[in-house]
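**Student:** Sequence:
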Amino acid sequence: DTLYNKCLHLNMINLEDKLYTSTEVADILGVSLRSVYRYIEEDKLQAEVKTATGRHRFTKKNILDFLYPGGAEEKAGQSLPKETIKTEVKEPKKKEKVEEVPVVEPVEVEPEEEEEVEVEVPAPVEKVKEKEAPVEEEPIDWLAKFREAAKKFDEENAKRVEASSKEPVMEERETFASITEQEPVLPKSQLFFYRSRLGGLKDIAQNIDKSSRNSGLDYAFTMNAGLSLFKAIKPFSLLHVYVKSKDKDFFERILMLTPSDENNAQLCIMTNDDKDLYASSEELHGLFVAEKSRLLADIRKHGDSELIEEAESIL
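In case it helps, UniProt numbering puts the sequence shown at residues 1 to 315.
By construction, these hints were calculated from the structure, which means they are not laboratory data.
Nothing false has been slipped in among the hints.
Computed cross-link-like contacts, PhoX-like style, restricted to lysine-lysine with a CA-CA straight-line distance of at most 25 Å:
no., residue 1, residue 2
1, LYS61, LYS50
2, LYS234, LYS145
3, LYS210, LYS231
4, LYS292, LYS159
5, LYS231, LYS145
6, LYS60, LYS210
Kindly generate the complete structure, drawing on both the sequences and the hints.
**Tutor:** Encoded structure:
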């Protein structure tokens, strides 16, 4: 096949708005898996998502951008020139040749994928990391960051205690009263529980932040995830994040989520369209977290007694 015939083949396919694997892209383009990895290494083909295991996932736009690098995505829907009639007539013959050796193609594809993952992937991974500098450049040592934040918080807290040692009881009462007064009457949020094919909680959190920034969407972590950004807390296995209801489908797709029950879930999406929630959120360690009064209110509503006690001592 010539590249033009591959374009013709693509023109006859209705590409879906979903994430494609490297093997699916190779089938669509009519090339080997080795060629797909070479296109990635040469920056001719862009991958929308890189999973925790080093696999690439491509969107419909990634495939069209590769075939039409000039930005002429519209060409994919235009009618073909008359000169292509001869090519269309010959196409069935080529397909017949492929059908004569059906066993060869699966045997070639699977070993190539294994071989490419072990040998040729390292070079593209380095380039992807350079492009994803905002996320990858901070090889986030979460535990170190949380400890650093905890140390800073303890130092500031010690100064406050020393300055107010004359009237400790009064300040404690005022602080509790101010927190109680600031606690908002929260709009009702809907909770949805999922597991993700991206990997662990760190990968999910980083992809939420990266996808939100790239798409101009709002989010804010709360509950254990939000509290852990203020100070190191006990290990937890479930992230809670606020997003707008209209953006829920986007995050389900980009994070490769599947519905789950609460006990086995990795992520809880809390849909809330309150603009003030996102406007008042603050950025800590590169991630956005709900403001303190809302965070404390969420923990008092959904957390257990141990988490509530820990949150009240930190916030």
